[in-house]
Amino acid sequence: MKADIVIIGGGVTGSAIARELARYNLDIVLLEKEDDVAMGTSKANSGIIHAGYNADARTLKGKLNVKANPMFDKLAADLKVPFKRIGSLVIGFNEKDLQVLKREKENGERLGVRGLEIIQGERLFVIEPNLNPEAKYALYAPTAGIISTYEFTIALADNAVINGVKVLLETEVVDLVTEGSKVTGVKTNRGEIKTQVVINAAGLYSDKIAAMSGDDSINIRPRKGEYHLLDKNWGNFVNHVLFPIPSKVSKGILVTPTTHGNLLLGPNSHDVDERDDPATTASGLDEVYSGARKLVPGLSRSDVITSFSGLRAAAEDEDFIIGPSNRVRGLIHVAGIQSPGLTSAPAIAEMVVELVKETLGEVAPGKEIHLKEDFQETLPTPVIFNEEYETGNLDGWQKLVKENPDYGEMICRCERVTKGEIIRAIHRPVPARSLDAIKRRTRAGAGRCQGGFCGPRVVEILSKVLGISPLEVTKKGAGSEILKACSKELIRRAGDGDEI
Amino acid sequence: MSRTTIICIGCPKGCRMKVESERGEIKKISGFSCPVGKEHARKEFENPTRILPTTVRVKGGELPLVPVKTAAPIPKKLLLPAMREIARIEVEAPVYTGQVIRKNFLETGVDLVATRDVKRETSDRARITA
Amino acid sequence: MVMRFNYDLVVIGGGPAGLAAALEAENSGIENILLLERDKYLGGILQQCIHNGFGLEYFKEELTGPEYAGRFIERLKGSKIKVKTGTMVIKISKNKEVLALNREEGLLTIRAKAIVLAMGCRERTREAILIPGDRPAGIFTAGTAQRYVNIEGYMPGREVVILGSGDIGLIMARRMTLEGADVKAVLEIMSYSSGLVRNKVQCLDDFDIPLKLRHTITSINGKKRVESVIVSQVDDRLRPIPGTEEEIKCDTVLLSVGLIPENELTREIGIDLDGVTGGPVVNEVRETQVEGVFTCGNVLQVHDLVDFVTEEGEIAGRAVSKYLKGEREWRDQPVRLEPGKNVRYIVPHRIDYRDKDRKRIKLFMRVKEPGKDVKIKLRDGTGKVLLAYKREIVTPGEMVTVFLPEALIDENMSRIKISIEKEGR
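Residue numbers (the working numbering), protein chains in the order written: chain D, 1 to 500; chain L, 501 to 630; chain G, 631 to 1055.
Bound conformation, chain D alone (with noise of 0.2 angstroms):
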């Protein structure tokens, strides 16, 4: 296989880029080593968009983050990603806290961020009446929205491939293959890749993928943060995303609506060995929960419908590392982006497409690169029963049930998911081939049963749209197999041997 360009990793920052330079005559390969795109950060994180007020003018996260803000209302309305600009508040509690939210204020209002506003007193109740009552003061920044951060990820690479990116899943990259100083290839567990141009946008592991090269001036220090997500009859308990008194490293714990009606509570930032460690605690749950209650105090943990955590791709000066590699041509890094690495995605994937454009003309200098006129801006509208119900199209559903009753089959009684939802998101272009991955498309498992109904179902179905055996479904690739023998299959190997 042959390539202009191979990005390695699925992320929201390959996604971005693989789409950003899908603008171009180029042919693109984007490899992810899980069976699905946004597996790692890009699917446990806040799903924030920061309005841009708290980074340092100095840095690229400064930057990026005031850029690329504004551009979210037109890719989520081109790439039908649930986006609410919601706005934040930043919550003091006394006079100290609020030098700190007039410090930000002056800081965000320096790097371009608009309508920053102090506000305190009566009215921080009358737009957030679950507050802590014994907050005094609020730095309201009115961008800052809400992003449902793994939908907006894969419809950033489903709109690539729609764009003529080839995604290859579960293919990890074991190997950087150089001549000289200069990339020439890939090596993958699915075979080699022959490229001049590699983009290394590896999250947890972009160090390693660096070493690769013999470039050892990465050095990621992944962070983990731990979240619950409570019940939809939570949804409308806060009405902006809420921040405590940001810290050195983090924002804090907070507490936000997400963009399908849930409650989120978290992170909490502890510095971790491991990269593929995403195991919450009972520790870290409850610093998250108490945490959040210090925001809110009126939560209530019985309503918890499930808790994760994720890994902070954090690098070791804190600011984003995008840029060439010193040790070898063709290796462009996109390292260390860890928040506002979400809100920034978009803005990082242009700055990665002219440093892409120099690289060319250096390592392939015949290459002509122009825009292509056929690029396709837009997904198509997805058919979501729980969307059409809510606005009261019933009319418009029949229509869809009597042309393919598979919508006419709820699957998901939780999160209200038909049969034909979940068929077409093993259709969409990056297709979803395990139970997680559907989880991610449709919603059906993502309720407040958990899959305990539409787990066995769901299989089912994948089984039957795939044509694999129910025992080759797994949960989220290959050893997450969910089934383990059919029925019948261990008595009878039992019998084979000794009495039991």
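You may find that some hints are simply not true.
In silico DSSO-like links for lysine-lysine, alpha-carbon gap of 27 angstroms or less [to be verified]: (1) G:Lys1052 - L:Lys513; (2) D:Lys464 - L:Lys559; (3) D:Lys80 - D:Lys105.
Here are the in silico distance ranges between beta carbons for each label pair [unchecked claim]: (4) L:Arg588 - G:Glu1051: 52 to 60 angstroms; (5) G:Gly956 - D:Thr381: 44 to 52 angstroms; (6) G:Phe837 - L:Lys559: 28 to 36 angstroms; (7) D:Lys399 - G:Gly900: 28 to 36 angstroms; (8) D:Asn233 - G:Lys998: 47 to 55 angstroms; (9) G:Glu1051 - L:Pro548: 34 to 42 angstroms; (10) L:Gly524 - G:Leu903: 53 to 61 angstroms.
Treat the hints as calculated values from the structure; they're not laboratory data.
In this text, all values refer to a predicted model and were calculated from it rather than measured experimentally.
For each residue, glycine too, the CB sits at the ideal point set by N, CA and C.
Fit chains L and G to the known structure of chain D by using the hints.
Relative to chain D, chains L and G alone:
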């Protein structure tokens, strides 16, 4: 003299009863609080039996399995051998509730019977009778 | 266009409660009845409960779950009740209009004069009890595993640890063992099993499966598939005791940690739920605060005997008939039934009607703590003991029932308090 403890299943009290025996012959039963308990202890000691409910594979059915049971209790020690034997059985749909799957199952004098109807597979669609 | 129908009675849910309610309503003279079931088959969860032990109260014989359901499904065939399976109810409005969805008709709205809510319950998940750790494949609620094993024909695991010793957990321990899996242990956070003694003996002891009381899972390990669990002993306040951790290797965790009545539709109608039962607040005929909307079975209170579910369905079915025929006589004031000492809840919550035909009202309740040699005392508003029943044993796992004779209900009475007290006090 040997002692065996048997927990009564007659009611929520769950009396812990003691059976004293010599060469398999009951000498004394104690710890029960009613005649049902005493009788249960005797039976559990001499010949413990259980109804075995399980499933049998179905060929050509709308479901892959049909639930079955032994029509009467069988000796407890036969439960696992019975499961291994049942693992080998496959019946052809349709199957009806009460249908004998194996007569005199494992020479126990007890039949293995179906406990649900399983029709022949027609289509994958949900049935509607409106 | 969305299809429209009219029925006298719509029953939501074709499990034992809904089946009993529909059949009994027809028996009592209601003709135009529709039964809606979301699954392909009637019978509800009974169809996957292939074990025996059902029907001892109602049929006076021991049946398996499918046999018990089959009896009612047979009766249904001889009735005029309309059935739509594979039909999910989306919404019920206060004016008794039901919106549902199925493959054949798509969306349908049904106007009903009366509704019986019989949606049953769902299982609590890992999150309901906050078990931290990894999120691999191999974690199932016991009921989901039961469906895989008994209906779908697959084994969800080989080496199994079960958390929770309620009846479903115990039944699944035996079931998995019989099908060739290795059940390493059943863990129970309380100091007693909440399952029936009979199930403890015949599901665990028969197969030498250890029951570890006062133990819980404090972490689940495994990146892709469950590899082990960390099990800890708990203290009197049910908190894990540091230093007691033990690792058990397994590929599967089954959770049997409680059931939650499935009342999302109910809540949307605007019906109040009892914080303890998780079910609607009802009067003695299982009518909710919305006149003409009745409820029965596990959606009202989680039962441990299906026989009681049937009985409750029949109460609701008869009540629908009286309601539609206008044959009801309200009391001047309702009698509230109040849980007293060691009573967690009572169903019904109040008595609304006068009924000379009935001799007594059956009251269902659960205790908070196990007790031996107790008296169940019913007191009126003045504290006078109206009636007392002796019980040798009460446990939270087994519902307690007593009868309240109609003759004892005074016209001026506004409340009856029930407490369960140690005898001799």
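How the hints compare with the structure:
no.: 1; hint: G:Lys1052 - L:Lys513; verdict: holds (16 angstroms)
no.: 2; hint: D:Lys464 - L:Lys559; verdict: holds (19 angstroms)
no.: 3; hint: D:Lys80 - D:Lys105; verdict: violated (32 angstroms)
no.: 4; hint: L:Arg588 - G:Glu1051: 52 to 60 angstroms; verdict: holds (57 angstroms)
no.: 5; hint: G:Gly956 - D:Thr381: 44 to 52 angstroms; verdict: holds (51 angstroms)
no.: 6; hint: G:Phe837 - L:Lys559: 28 to 36 angstroms; verdict: holds (30 angstroms)
no.: 7; hint: D:Lys399 - G:Gly900: 28 to 36 angstroms; verdict: holds (31 angstroms)
no.: 8; hint: D:Asn233 - G:Lys998: 47 to 55 angstroms; verdict: violated (27 angstroms)
no.: 9; hint: G:Glu1051 - L:Pro548: 34 to 42 angstroms; verdict: holds (39 angstroms)
no.: 10; hint: L:Gly524 - G:Leu903: 53 to 61 angstroms; verdict: holds (57 angstroms)
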